[in-house]
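Turn these sequences into a full structure, and let the hints guide you.
Counting from 1, one number per residue, gives the positions in the sequence shown under my numbering.
Simulated from the structure, these hints should not be mistaken for lab results.
What you are looking at is a predicted structure, and each value in this text was computed from that prediction instead of being measured.
A virtual CB, placed ideally from N, CA and C, is assigned to each residue, including glycine.
No false leads were slipped in.
Across the chosen pairs, the derived CB separations fall in these ranges:
1. K260 <-> T81: 53 to 63 Å
2. H108 <-> T60: 32 to 42 Å
3. D40 <-> N265: 36 to 46 Å
4. I249 <-> E278: 21 to 31 Å
5. Q289 <-> T81: 33 to 43 Å
6. T60 <-> N265: 35 to 45 Å
7. S163 <-> G269: 13 to 23 Å
8. V245 <-> S79: 27 to 37 Å
9. P220 <-> Q255: 21 to 31 Å
With a straight-line cut-off of 30 Å between C-alpha atoms, the simulated DSS-like cross-links for lysine-lysine are:
10. K58 <-> K145
11. K285 <-> K253
12. K276 <-> K145
13. K276 <-> K253
14. K285 <-> K260
15. K260 <-> K276
16. K285 <-> K145
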Amino acid sequence: MKKFTIILLVILAMLFNTNAQIPNSGFENWTTIGSYENPDGWATMNPYCAGPFYSSTKSTDHYPANVGSYSIRLENNTSLTQYTGGWGISITDTMAYPIQPSFRIVGHPDSLCGYYKYFPLNSDSLFIRILVFQSGIVVGGGMIKIGVTVATWTPFIIPFTYSSADSATIMLLAFSPTGPTDGPNGNSVLYIDNLSFDSLVGSVPLRTLKNTMFNLFPNPASDIVTLNIDNTEKSDIILNIYNVVGELISSEKLQENQQKINTGNLNNGVYIVEIKSEGWAEKQKLIIQR
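Below, the structure written as structure tokens:
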């Protein structure tokens, strides 16, 4: 029992350290600057706002309910401009353009996860992006754009690929720009909470060591994927497939020794495959390409 406890503590510490790389990932820490508050570790348009409107604010509407006390609320104001703080934008550490690396990463995270709510107006779409850098050069990244109302807290997962990286930058926008000077169409509102790498906060499994419990091949795949699972315990195994915004696409209980998975009903794109059983779970990225 003592050995198992030590191993579990080490795994949980690894998860904490991985997620702690993102500055103020749960938006719990804010600093008062004059008449507004700013989230620690994040640059916003608030310094350009004259008040009483501020485009990035601290909200008590947060998720999960048992994790933290706040989220970040981003709001556009089309009566203002980029230079008077009317854009709902928050970026880790800096508003510099072109985007610069803003925080160091360790290990090899390959997905940005979090929770969001979105209330678009006039055909706005939210825009969430991560860029990863090596020695100041962009080497990978990923993004999502969503243009529909999402009134309840919903998870998202943004996969990204690279060979080696030492830093990253995350951008949160309540609209989707088509260029550096293109602003929002409406006064849309975006809530974001509990960003993390590779695991959604509040649903961390007991064991999430990557690439140890199962393998998928080929990857990219087309219609059939071979699944190689280390299931020495002979326990029931559930296969879940999620899209890049965290929506569950399919779920099935695997038959004993089942190795072939039919993916012919999946469109081209990136998915997250989760294998879970009693006491453990693991996710891997799957690319469908025909």
